[in-house]
Each structure stands twice: as C-alpha cells, then as structure tokens.
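Following the hints, put chain B in place on chain A, whose structure we already have.
Residue numbers (our numbering), protein chains in the order written: chain A, 1 to 377; chain B, 1 to 377.
The hints are simulated quantities; they were obtained by calculation from the structure and are not laboratory data.
Think of the CB as a built atom: it goes at the ideal place given N, C-alpha and C, for glycine as much as any other residue.
One thing to keep in mind: the hints can contain errors.
To be clear about the criterion: a stretch of chain B counts as covered by chain A if any three or more of its residues have a C-beta under 8 Å from a C-beta of chain A, and this derived list gives those stretches [to be verified]:
1) 9–19
2) 118–129
3) 300–309
As a list, the in silico SDA-like pairs of lysine to any residue whose alpha-carbon atoms are at most 20 Å apart [said to hold, decoys possible]:
4) K277/B - I137/A
5) K277/A - G140/B
6) K289/B - K316/B
Number of protein chains: 2
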Amino acid sequence: MSGSLLFPSRRLRATPFTSRVSALGVAGYTVYNHMLLATVFESLQEDYKHLKEYVQIWDVSVERQVQLLGPDAHKLACMISARDLTNAKVGRCYYAPICDQNGAIINDPIALRLAENKYWFSISDSDLLLWVQGIAIGLGLNVDICEPDVSPLAIQGPFADDLMADVFGEEIREVKFFHFKAFSFRGHMLNIARSGWSKQGGFEIYLDDTNLGEELWDAIWAKGKKYNIRAGCPNLIERVEAGLLSYGNDMNREDTPLEIGLEKYVSLDSEVDFIGKAALQKQRKVGIKKRLMGIEIDGSKMPPLTMPKKVSIEGKNVGMITSAVFSPDYGGNIGFAMIKASNAYVGAEVMVDSEEGPQRGILCEIGDLWAQVQSNR
Amino acid sequence: MSGSLLFPSRRLRATPFTSRVSALGVAGYTVYNHMLLATVFESLQEDYKHLKEYVQIWDVSVERQVQLLGPDAHKLACMISARDLTNAKVGRCYYAPICDQNGAIINDPIALRLAENKYWFSISDSDLLLWVQGIAIGLGLNVDICEPDVSPLAIQGPFADDLMADVFGEEIREVKFFHFKAFSFRGHMLNIARSGWSKQGGFEIYLDDTNLGEELWDAIWAKGKKYNIRAGCPNLIERVEAGLLSYGNDMNREDTPLEIGLEKYVSLDSEVDFIGKAALQKQRKVGIKKRLMGIEIDGSKMPPLTMPKKVSIEGKNVGMITSAVFSPDYGGNIGFAMIKASNAYVGAEVMVDSEEGPQRGILCEIGDLWAQVQSNR
Chain A
1 MSGSLLFPSR RLRATPFTSR VSALGVAGYT VYNHMLLATV FESLQEDYKH LKEYVQIWDV
61 SVERQVQLLG PDAHKLACMI SARDLTNAKV GRCYYAPICD QNGAIINDPI ALRLAENKYW
121 FSISDSDLLL WVQGIAIGLG LNVDICEPDV SPLAIQGPFA DDLMADVFGE EIREVKFFHF
181 KAFSFRGHML NIARSGWSKQ GGFEIYLDDT NLGEELWDAI WAKGKKYNIR AGCPNLIERV
241 EAGLLSYGND MNREDTPLEI GLEKYVSLDS EVDFIGKAAL QKQRKVGIKK RLMGIEIDGS
301 KMPPLTMPKK VSIEGKNVGM ITSAVFSPDY GGNIGFAMIK ASNAYVGAEV MVDSEEGPQR
361 GILCEIGDLW AQVQSNR
Chain B
1 MSGSLLFPSR RLRATPFTSR VSALGVAGYT VYNHMLLATV FESLQEDYKH LKEYVQIWDV
61 SVERQVQLLG PDAHKLACMI SARDLTNAKV GRCYYAPICD QNGAIINDPI ALRLAENKYW
121 FSISDSDLLL WVQGIAIGLG LNVDICEPDV SPLAIQGPFA DDLMADVFGE EIREVKFFHF
181 KAFSFRGHML NIARSGWSKQ GGFEIYLDDT NLGEELWDAI WAKGKKYNIR AGCPNLIERV
241 EAGLLSYGND MNREDTPLEI GLEKYVSLDS EVDFIGKAAL QKQRKVGIKK RLMGIEIDGS
301 KMPPLTMPKK VSIEGKNVGM ITSAVFSPDY GGNIGFAMIK ASNAYVGAEV MVDSEEGPQR
361 GILCEIGDLW AQVQSNR
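Bound-form chain A, shown alone (with noise of 0.2 Å):
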C-alpha cells in the first residue's frame, strides 16, 4: 500500500487550510474524520527534524469539534467521559477517554469546557457525534448537539511562543498548558489553547469560520519567516519518541483504557456514573489480559506500519506491535506493541515479525521512550 495513490473524491473533505497545504508541497495524506490530514512533506526525517528546532504551523482541522450546548451538556458530558468532569473548569482542556458500555474506547477526545452549559470535545478518529447524538435522543435530553464550523490549526515547535506573541499579543505566552482563551484575530475572538500533538509545545487556534481561514494561516505565515517556519504536521517519529497514542493505531473498540495505560485519565473511584463505568471497575477487579508497552527494536530501519506485526517469545505469539518507526535521535526503532499481561514486564526481551525476518525487542514502559530518546542524543 506504500505509495498507492489517494483518489480525489468530495467525500474526503477538503479543509479551511487546503490550499495552504497543497501549495507548500505535501507529500503525502491521510484520511482522518472523514477529511484530509497531510502526514509528511519533505520526508518524515526532515519534518521531524525541523519540528525539533523551528516552529511548524499544522492544518489539524481533522480533530473535529463535537458541541454540546444546552441545559443537559454537563450532564450528558459527565456522562460520556470516563474521566471525571463534575467539576471542570471553563477555560479548560481535559484529555477525557470515552468508553462504551463494555468499557471499550470509542474515542480519546479532548473536551473543552467553553461555559457551564458548553462543550467542545475535540475527536480522534471516529464518529463521536453519533454516540452522543444517540445517547441523548434514546434518554430524551435537553441538548443541541452538532460539528460546528470549528478548524483546529496547530502551532508547534520551540519558536511556537514568540511566534504566537507576534500575531496575538506578548498576553499568549501566560496560557497554561491545556487552559484555553480568547484572542483577537483582525477583530475576530478566537479560541487558542496551549496544547496540540507534539512534545515541542505550542498551542492550537480553534479556527471558528472557514472563511477566515487563509487569511489566518497567512498572517502566521508572514511573521513565521523569520523563525524558519514551516508547513508540517503531526510526525509519526516524533509522537512515538512522545509516547503519544494514535486512536486507531494504538487503541481502538477492542481495548479499555486500563490496558492502555490511561488509568488517570478514568475516574473509577469517583462519583460520577459513566457509561462503562461498571465494566472498567470489574476489569481493574479481575485484572487486565493485556497491556500497551513501549519496545525498542533492532535491526535496520524500519518503514511506518501498515499492518500489526506479530510479538512473540520463544516462538509463542505475546501480542503485536502497534505503531514502531526509526528514531534518528534515539538511534534505532521504537514503537508501542499490545502485549499479554503476563509477559508485559519492563526489560522483557521479545522476537519481533519484520520483513527482513525476525528480530529482538526489548519492551519498556511507554513513558520512558522520551527519556531514552534524550539520553542517546
């Protein structure tokens, strides 16, 4: 599937930014919510390079908003999100794993509290709007649910904060990780949280009007020049090196968080009545048949997965891998693979399929890729 060809269709929705995208010489696309997400442009290698020393502007209007507006919108939110929201903040961002009633995942949104009775959740890829659609017509709530015209547009690299403070004012670099605020674009007020999927930091401009949306990306681009900014997008050797999870590639309808290693993010001693709730706290009683870990992985360079490759111990299949890539900085690949829990232990030496044959792996917990990466620098 390496190198076939996207057929142009209406279907895969173009974005505010697309023409951006198009004249800066993408490489290469995906599909994401029904719309294009450019994945690389020079080469991953490059992109992830500069990304580590410049600043990138992102088209990210992938990550659709799902709105919840009305009297029941906290209590249908509380009531989706296995992370508790009783109490959460408006001005907020909140990483909030949605769960069916199996405790499966169905999405690992963000959700933005924008008032009491206003949400925002900013969607991985599947059809959140759906389920919620669903949940509130079958309980008869009071709620109006929608996809707004909302484009999120990521600005990430070291150079994210001056560049930022040139367009919206010096006030931007006070925002606080994951908090969001208002400011004024040509007299439109924008949403902007500090926040988008790279460890680089930088934030995300939730773009709220198609029309604007060059004039924006323009304007970035303009005071950009001087901090060598670029046309990128999330980069897969640099969200692995992160440890950050692809919904889909790393989790998906046959995992719970808790094999995924998102504990924190599920507040299953709170008391707030979730849906899957029950399901999670029986897993967490009986315990977990399999676990995500990270993995280091020998052997030449290895090409972005299309397929899960096979994990195995002295001949015996352990689980796959999910997501692996060649790190340059880190010096060799790394990846996440979905292991059986009894084999899930830090330092544990596994065989890994590849298409130049078998070779070793040796799993780590997924937070300690980043360190590991810093230290081979």
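Below, chain B alone, put in the same frame as chain A:
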C-alpha cells in the same frame, strides 16, 4: 490533491483481501469506514469498459456490518430506519436511509434481516455503530450491537451469474434481486445477495471469516479466468451513469431524503415511529429548499471532483455539483447537482464553474441519465 500519496497506517485497516488487491495492481485507494477501498486499477475508463463487458471481483469489505442481535433487534431496526421495516422478511435486503431527529441523513445502508431477531446494516461511510449503540444505551434496549467479522466481496458484470454458478452451483442463478441466501464454500456457509454497487448485475458475498478471505478470492479468480475476470472496484463513471448516489459526495448530514429524491424509501405514511419522521413530515408539508438533480455538462473531459463546483443561472448561485465525470458511452460529462428547489426543473440551463472556465449544463432527472447514456452509446 490528485496525485497525492496515501501514507501507510494501521488505522487505515487492511481487509481479508488486501494482499490480492495489492498484487493485482491497484493504482488508487480511498479510505471508507476507516478501511482501504480500491478506486482504480488500470484507469477509470479501462476499468469501466471491462466492467460493462466481462466480470470483476471487488473487495468491498468497507461495507462494514452493524449487527443487531437479541430480543429488541427488530424494534431498534424499525426505530432507526426511515424505511418501514415492520414487515421486513428474512432473506431480503432493504435500502434503508437512517436519519437523525432533524431528518438529516446519517447513513444510507442496506438492511439485511437474517432472522427474527438479527439484522445486519451494511453501511456507507459513517460510524453507524456508534449511533445505534448510543440509542440502545439511552433507551435501555435488550440488544447486542457489534461490528462482526464480515467483509463483503462483490462479483459484478455481465458474466457474474455464470461465474457464480461455476463456484457456488446453478441454484445461485435463482436468487432474486435484493434477496440473499446461504451457500456453501468448502463446507462454510456464506450469505450471498444479488446486489452490488453497479448496474451491471451481480452478487455480494458476505464473508464472515477473515481467515477464509484469500482462499475465497483465489477460488473465484481461478474459475473466472475463462470469463476474463479482473480485479475491480466501484467505478465512478459507471455509478454516475447508473444514478447510484454516494454518501459523503451526493448526500450527507446537510441533506434529507426528500431533498435527495429518496421519497420512496421513506415511510412517512406508515404506522412506525422512526427517528426523524416528524421532521420529514414537516418538510414534506412546507416543501424542500433544494433538490438533487442529474446534469449534463459541456466542455472537455472533467476530472473527478475534490470540491463541489458552483452552479449558477445568470450569475446567481443556485447550487453545486456533487459528483461529475466524463462518460465515454454518453460522450460527455455527466453528474449530480444539488439545486435550489425553485430552479430544479428538467431542461433548465445552468452554468458550471470548471478549471477551464464556466461551462453550460442542462439539468435532468437522475433516473434519466442511464437512458441517455444508452441512447448515445
């Protein structure tokens, strides 16, 4: 975007047949229901010509099934389907638009009743599973909902009957249009329907075991050689000629079935109280504001659309093209256009934006495109 590479990812799921599709020279993919769907092999026009003359094998695994099983399965099916399924027969397929509470289309699946208490909804490109699960949870229904391991494989083209008879026996010729029946493949029973997303006739085999995928493909391929079988896929030219609408292209959550011309699949005068019924009854009463029409467009060969093209009359915007393509048999460009109701009449002359300047277009009924293709052929 034409010419862009599709970047590999496990999130874009492979199918039981991906190895065969890939080996047979797929030239372009799209992503549909988080899964790979071939869009072109040799070329749009060569694929089209072959489909109309011989027989093709299509990997349409992307038609994922939403399975409803249990005491409340029938009740839930009737509740979500805008088409009255009250008397749905086991062994029959029903084209059944699904609407939200505003009457907007969220999916347009084929419903298959497998047993009194068991349905499959063979879906178009949105996560209908989440909608159905959400409603069932909200209402506390006693029904199990899942995406089973089912991947349809279509055999389409004039020689489909002969080929299928060679593989599954003569009895298969007696399966009527939109009926299905179980046939044995090496001892494994497979549901096979006379259906498919072309007007060339054929079948869809609902493979319910991924591990049998390559064996099934290879068996059909071997028997198909004498009919000049090729790997194919839903063909843009043929489906526009045939008036087959594509969810995401020709309809989406902005549209109701009445605007799309699906009145006959919507049971507004039935007893059943489905979601969206009241909104649609109201719309029928006050009238629609826009209507999907067929269109013939002057000028040189149009490439497949990535964005809707504007349609105007005397400089005033009256709608947009949702799909368009050059049809060799018609000898010109044909497509679909969503047009302001007051301008949506057969024979109306409009202007269509195109890369090479405005082109004249003539509106027609969608159902008349096919006849016009035949008479020009």
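In ascending order, which of the hints set out earlier in this document are inconsistent with the structure?
none
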